[in-house]
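Asks: Residue-level listing of the chains:
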Amino acid sequence: MLQVHRLVKQYKNFRAVDDLSFSMGAGEIVGLLGPNGAGKTTALRCIAGILRATDGSVLINGHDVVADQARAKAGLAFVPEVPSLYELLTVDEHMKFVAMCFDTVDVYERNRDELLARYSLTDKKDALVATLSKGMRQKLSVACALVHNANVMLFDEPLIGIDPEGARELKDEIQRARDGGASILISTHLLDTAEKLCDRVLIMRRGQKIAEGTLEQLRNFSGMEGRSLEDIFLMLTSEHGNEATPLPNA
Amino acid sequence: MKPLLYLTLRSTFNGIKRALTSGRRLISLLFVAGYYLMMFVRPFESPSRVSSRMSRPVVSFPDPALLDPLIFTGFVVLTVLLSAGVFGYKGGFRPADVDVLFPTPVSAKVVMVFRLIRDYLLTLLMPLFFAVLGWRGTTAGINALFRNFPEHGGYITRAAMVSWLLVALAWVAVGYAASLFVNRSDLRSDRNRLLIGLIIGVPVLLVAGYVTIRLRADFSWENARAIAEAPLMRFVFPTATAATMIVMAPITGSLVSGGFGLLILVTIIAIAMKVALGQVGWMYDQAAARGFDTVNIRALQRKGDTLGMLAQQARQGKLKQGRVTRWIAGRRAKGAGALLWKEALLQARTSLWQFVVFAPIALLLVALPLYAAEEKGRGTTGILFLVMQAFGVFTVSMSTAQSGFIELLRRVDVLKPLPFRPMTIVLGEIAGKVVGPTLIVLMGCILGVALQPEIWPEAVTAMFIMPALAILLVSMVLMVTVLFPDVDDPAQRGFRNLITLFGFALTVLPGLGVLVLVYAFKLNPMITIVPILLINLGISVGLAMISGNLYSSYNPSE
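Chains as they are written, first to last, in the working numbering: chain D, 1 to 250; chain V, 1 to 558.
Here chain D stands alone, though its shape is the one from the complex (with noise of 0.2 Å):
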């Protein structure tokens, strides 16, 4: 469903994104993992046809993100780190136009009531965007990837600035959308939520890909039977981290 393929962006002197390549199948969760300027959104902003990358391909559903742009975005859902919306409309209206640009405004009418209320956002339906906090505007870029039938979404750090009721509901969320055969790539920070969450998880440092695998893997691949993927995580990262070592399911 989503093929990543020697991905590099490059911006004058420095090299954001180097040669990554994953892919992932229907139904699965994966957890792409990094410290700060690791490359992730950028890998994220480059799979979502935002960023133009420099090298290599991006396939969503078997389209190119690039020479066929509208087909690929088609069955692609983005949910930014901190969502910018569009002020000044209302709720409601900003969930139309995303159906609109995708195509979707019956199914989005049809679903409206119940993807307001899924988000606690009924209250809000007219409410203009420039209004809300922090919180709902999370909450409403959550609804928004969800107002057309994606197959492939993408979630930078989905669960900062949300309640934990919202986060739970999102958890939810992602796991029925899993479940309903939807490929998911999440960025965070959050390591037990990951650990939880994720099926496989991928980590990136420098741009580069370092590790991937199911956490068991990633366990075997460090020589920390038994830990936690904080501590695995913080070993492949530091400085001093495995970098010789031939990457797990690379």
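By construction, these hints were calculated from the structure, which means they are not laboratory data. No experiment lies behind these values; they were computed from the predicted model shown. It is possible that some hints are incorrect.
[What the hints assert, rightly or not] From the derived model, a few chain D residues whose C-beta atoms are all more than 12 Å from chain V:
{"#": "1", "residue": "Lys12"}
{"#": "2", "residue": "Ser21"}
{"#": "3", "residue": "Glu81"}
{"#": "4", "residue": "Glu93"}
{"#": "5", "residue": "Arg112"}
{"#": "6", "residue": "Ala150"}
{"#": "7", "residue": "His189"}
{"#": "8", "residue": "Asp192"}
{"#": "9", "residue": "Gln208"}
[As the list claims (entries may be wrong)] Below, in silico cross-link-like pairs of lysine to any residue (SDA-like), each with a Cα-Cα straight-line distance of 20 Å or less:
{"#": "10", "chain 1": "D", "residue 1": "Lys12", "chain 2": "V", "residue 2": "Asn192"}
{"#": "11", "chain 1": "D", "residue 1": "Lys196", "chain 2": "D", "residue 2": "Asp172"}
{"#": "12", "chain 1": "V", "residue 1": "Lys342", "chain 2": "V", "residue 2": "Pro360"}
{"#": "13", "chain 1": "V", "residue 1": "Lys17", "chain 2": "D", "residue 2": "Ala130"}
{"#": "14", "chain 1": "V", "residue 1": "Lys2", "chain 2": "D", "residue 2": "Thr131"}
{"#": "15", "chain 1": "V", "residue 1": "Lys17", "chain 2": "D", "residue 2": "Asp92"}
{"#": "16", "chain 1": "V", "residue 1": "Lys416", "chain 2": "V", "residue 2": "Gly548"}
{"#": "17", "chain 1": "V", "residue 1": "Lys2", "chain 2": "D", "residue 2": "Val82"}
{"#": "18", "chain 1": "V", "residue 1": "Lys17", "chain 2": "D", "residue 2": "Thr90"}
{"#": "19", "chain 1": "V", "residue 1": "Lys274", "chain 2": "D", "residue 2": "Asp103"}
{"#": "20", "chain 1": "D", "residue 1": "Lys134", "chain 2": "D", "residue 2": "Met100"}
{"#": "21", "chain 1": "D", "residue 1": "Lys134", "chain 2": "V", "residue 2": "Arg94"}
{"#": "22", "chain 1": "V", "residue 1": "Lys2", "chain 2": "D", "residue 2": "Asp106"}
{"#": "23", "chain 1": "D", "residue 1": "Lys124", "chain 2": "V", "residue 2": "Phe13"}
{"#": "24", "chain 1": "D", "residue 1": "Lys125", "chain 2": "V", "residue 2": "Ile16"}
{"#": "25", "chain 1": "V", "residue 1": "Lys109", "chain 2": "D", "residue 2": "Lys12"}
{"#": "26", "chain 1": "V", "residue 1": "Lys2", "chain 2": "D", "residue 2": "Lys134"}
{"#": "27", "chain 1": "V", "residue 1": "Lys2", "chain 2": "D", "residue 2": "Ala130"}
{"#": "28", "chain 1": "D", "residue 1": "Lys12", "chain 2": "V", "residue 2": "Ile196"}
{"#": "29", "chain 1": "D", "residue 1": "Lys12", "chain 2": "V", "residue 2": "Leu194"}
{"#": "30", "chain 1": "V", "residue 1": "Lys2", "chain 2": "D", "residue 2": "Arg227"}
{"#": "31", "chain 1": "D", "residue 1": "Lys12", "chain 2": "V", "residue 2": "Phe181"}
{"#": "32", "chain 1": "D", "residue 1": "Lys125", "chain 2": "V", "residue 2": "Tyr6"}
{"#": "33", "chain 1": "V", "residue 1": "Lys109", "chain 2": "D", "residue 2": "Arg71"}
{"#": "34", "chain 1": "D", "residue 1": "Lys134", "chain 2": "V", "residue 2": "Pro95"}
{"#": "35", "chain 1": "D", "residue 1": "Lys124", "chain 2": "D", "residue 2": "Glu87"}
{"#": "36", "chain 1": "D", "residue 1": "Lys125", "chain 2": "V", "residue 2": "Arg10"}
{"#": "37", "chain 1": "V", "residue 1": "Lys17", "chain 2": "D", "residue 2": "Arg71"}
{"#": "38", "chain 1": "D", "residue 1": "Lys125", "chain 2": "V", "residue 2": "Lys17"}
{"#": "39", "chain 1": "V", "residue 1": "Lys274", "chain 2": "V", "residue 2": "Ser257"}
By construction, the Cβ of each residue, glycine as well, lies at the ideal position given by its N, Cα and C atoms.
Since chain D is already given, all that's left is putting chain V on it; use the hints.
Replies: Same frame as chain D, now just chain V:
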């Protein structure tokens, strides 16, 4: 296209609806609406009503052969205005576009065409603004212009309109093509920038040099006309040349020439559109790769928040500690003096570049008329010296005051708990803002006397009245800023600027009146020093008191 139209219309409608919910926003909206209504309705008043209130000037139009260079010059001016921002980043995307619109299947080409149309419509407003502002003069001028060709007047006006529509579209398209070409995030962008810079910059420099040399040799109307007709000028400004050919066609009767002009413009538009659409893949990349720093800086720019812009640059590690700031930081101050110390430190860190940029311009403006004056001595040169000094003071005061006072509002939680009265804080802010303009005035006076010693009375007068003018201007900006403190509201921002200008006109008038009287009676300008000082400082104190009261009740949460 439908989702984009929906977004634009709903945002505009909701924006207006939102403006109606706040008293201050409503006042601003009504004022702006009234302003534009008046501007757009007045020109459509019945001719009898208009003519009863004004007498049309009788302009005897020169030889028809002069029409061509005149029209060409007009289009050259428009071309220069339109081409000024050709290198600038044209994305103009909001963060919401990047997060919400870009990941959707809406075609990037559709997004680009939509934005191009929007920018085109905005560009078309440019001459309308000037025409509306000077409607009466403009209509009288146009009538006089075509007096010799009454039978062709309609055709000429239509040809001029078509030319303008095409020239504007050509430059918007060229702007998109050039901007996308030079602002790419890949390694080729530097090379592209150099290439386009050379293609556009070299001919413009050559023309500037050519015009200067020819005008220096013979500064006459005939020579200016010859320059406008020179093949080099016609070649370097192809859009102006083509537009002139179209407008002149009904007069000369040369339809071939008009058609050729049309062909040139359509070709330029087609090529520019093709290049722009060919680069569309980089459009989203530019918006996202440049991050929101550009968007944020633009938003701050629109608000006139220079300090905010510099703070943004500091976050990016682009602001360095200078020697001057280090020296000031090492000083000590007591009590309210700390406000001045803070102000000096901030000014040195943030406005030193403005001083470095504006001071030479202001000095050049002062020096040029003195240098160029053929007859030595006072009189017109002295008046010109004072006008230029006032212009310099106005420019520097405005640039430092507006941004500085936005900072005053933003830091209200830091400043208000300090053990000073609001009036003290306000006075400290005003004092800090007039240092720059005063220094420039002093330098201008020294330069003025050095170039023309005869104007020493004007120089002495300027040394006293110009700092007082700076205090007056700064106080007015402060009062209006505190009165309309919502820097995020565009309607209030526009309203604030209008009120500031209106306030300037009103408060500067008494001092100016004194000066005019003195010159009318051919008296020594130095006798204006005391009255102007008293008038300007008196008004400034009044404004500062109002500002102090407003500031004491200012609540950033409201």
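Asks: With reference to the structure, classify each hint as holding or not holding.
Replies: Taking the hints in turn, this is what the structure says about them:
1. Non-interface call for Lys12 (chain D) relative to chain V: violated, since the shortest CB-CB distance, roughly 6 Å, does not exceed 12 Å.
2. No beta-carbon of chain V comes within 12 Å of the beta-carbon of Ser21 (chain D); the shortest separation is about 21 Å.
3. Its beta-carbon lying about 9 Å from the closest one in chain V, Glu81 (chain D) breaks the requirement of being farther than 12 Å from that chain.
4. Consistency note on Glu93 (chain D): stated as away from chain V, yet its beta-carbon is not over 12 Å from all of that chain's, at 5 Å minimum.
5. Taking the minimum C-beta to C-beta distance to chain V, about 16 Å, the non-interface status of Arg112 (chain D) holds against the 12 Å cut.
6. Not every CB of chain V is more than 12 Å from the CB of Ala150 (chain D) (nearest about 10 Å), against its label as outside the interface.
7. No Cβ of chain V approaches the Cβ of His189 (chain D) within 12 Å, the least distance being about 19 Å, so the stated non-interface status holds.
8. The claim that Asp192 (chain D) is not at the interface with chain V holds, since no C-beta of that chain comes within 12 Å of its own (minimum 27 Å).
9. With a least CB separation of 20 Å from chain V, Gln208 (chain D) remains clear of the 12 Å interface cut-off, as annotated.
10. A threshold of 20 Å between alpha carbons decides the hint, and for Lys12 (chain D) with Asn192 (chain V) the separation of about 13 Å falls inside it, so the pair holds.
11. Proposed proximity of Lys196 (chain D) and Asp172 (chain D) is supported: the alpha carbons are some 12 Å apart, at most 20 Å.
12. Distance check on the hinted pair: Lys342 (chain V) and Pro360 (chain V) sit about 26 Å apart at the alpha-carbon level, beyond 20 Å; violated.
13. Proposed proximity of Lys17 (chain V) and Ala130 (chain D) is supported: the alpha carbons are some 13 Å apart, at most 20 Å.
14. A C-alpha spacing of about 26 Å is found between Lys2 (chain V) and Thr131 (chain D), which places the hinted pair above 20 Å, so the restraint is violated.
15. Restraint check for Lys17 (chain V) and Asp92 (chain D): the C-alpha separation of about 16 Å stays at or below 20 Å, so the hint holds.
16. Between Lys416 (chain V) and Gly548 (chain V) the alpha-carbon distance is near 11 Å, which keeps this suggested pair within the 20 Å criterion.
17. For the hint pairing Lys2 (chain V) with Val82 (chain D), the CA-to-CA distance comes to about 27 Å; that exceeds 20 Å, so the pair is violated.
18. Taken as a hint, the Lys17 (chain V) and Thr90 (chain D) pair is honoured in the structure, with Cα atoms around 12 Å apart against an allowance of 20 Å.
19. With a C-alpha separation of about 28 Å, the suggested pair Lys274 (chain V) and Asp103 (chain D) falls outside the 20 Å cut-off, and the hint is violated.
20. Distance restraint check for Lys134 (chain D) and Met100 (chain D): the Cα-Cα separation of roughly 25 Å exceeds the 20 Å cut-off, and the hinted pair is therefore not satisfied.
21. Among the hinted pairs, Lys134 (chain D) with Arg94 (chain V) is consistent with the structure: their alpha-carbon atoms are about 18 Å apart, no more than 20 Å.
22. With a C-alpha separation of about 15 Å, the suggested pairing of Lys2 (chain V) with Asp106 (chain D) holds against the 20 Å cut-off.
23. Restraint check: the Cα-Cα separation between Lys124 (chain D) and Phe13 (chain V) comes to about 18 Å, which is no more than 20 Å; the hinted pair holds.
24. A distance of roughly 19 Å separates the Cα atoms of Lys125 (chain D) and Ile16 (chain V); the hinted pair therefore holds under the 20 Å criterion.
25. Distance hint between Lys109 (chain V) and Lys12 (chain D) is unfulfilled; the C-alpha atoms sit about 26 Å from each other, more than 20 Å.
26. Between the alpha carbons of Lys2 (chain V) and Lys134 (chain D) the distance comes to roughly 29 Å, so the proposed pair goes past 20 Å and is violated.
27. Between Lys2 (chain V) and Ala130 (chain D) the CA atoms are separated by roughly 23 Å; this puts the pair beyond 20 Å, and the hint is violated.
28. Under the criterion of a C-alpha separation no larger than 20 Å, the hint pairing Lys12 (chain D) with Ile196 (chain V) is consistent with the structure, at around 19 Å.
29. For the hint linking Lys12 (chain D) to Leu194 (chain V), the alpha-carbon distance of about 16 Å falls within 20 Å, and the restraint holds.
30. Annotation: proposed proximity of Lys2 (chain V) to Arg227 (chain D) is violated, straight-line Cα distance about 53 Å (limit 20 Å).
31. With a C-alpha separation of about 15 Å, the suggested pair Lys12 (chain D) and Phe181 (chain V) falls inside the 20 Å cut-off, and the hint holds.
32. Distance restraint check for Lys125 (chain D) and Tyr6 (chain V): the Cα-Cα separation of roughly 17 Å lies within the 20 Å cut-off, and the hinted pair is therefore satisfied.
33. A distance of roughly 15 Å separates the Cα atoms of Lys109 (chain V) and Arg71 (chain D); the hinted pair therefore holds under the 20 Å criterion.
34. With a CA separation close to 15 Å, the supplied pair Lys134 (chain D) and Pro95 (chain V) stays within the 20 Å bound.
35. Taken as a hint, the Lys124 (chain D) and Glu87 (chain D) pair is honoured in the structure, with Cα atoms around 13 Å apart against an allowance of 20 Å.
36. With a C-alpha separation of about 15 Å, the suggested pairing of Lys125 (chain D) with Arg10 (chain V) holds against the 20 Å cut-off.
37. At roughly 37 Å between alpha-carbon atoms, Lys17 (chain V) and Arg71 (chain D) are farther apart than 20 Å, so this suggested pair is violated.
38. Distance restraint check for Lys125 (chain D) and Lys17 (chain V): the Cα-Cα separation of roughly 16 Å lies within the 20 Å cut-off, and the hinted pair is therefore satisfied.
39. A threshold of 20 Å between alpha carbons decides the hint, and for Lys274 (chain V) with Ser257 (chain V) the separation of about 26 Å lies outside it, so the pair is violated.
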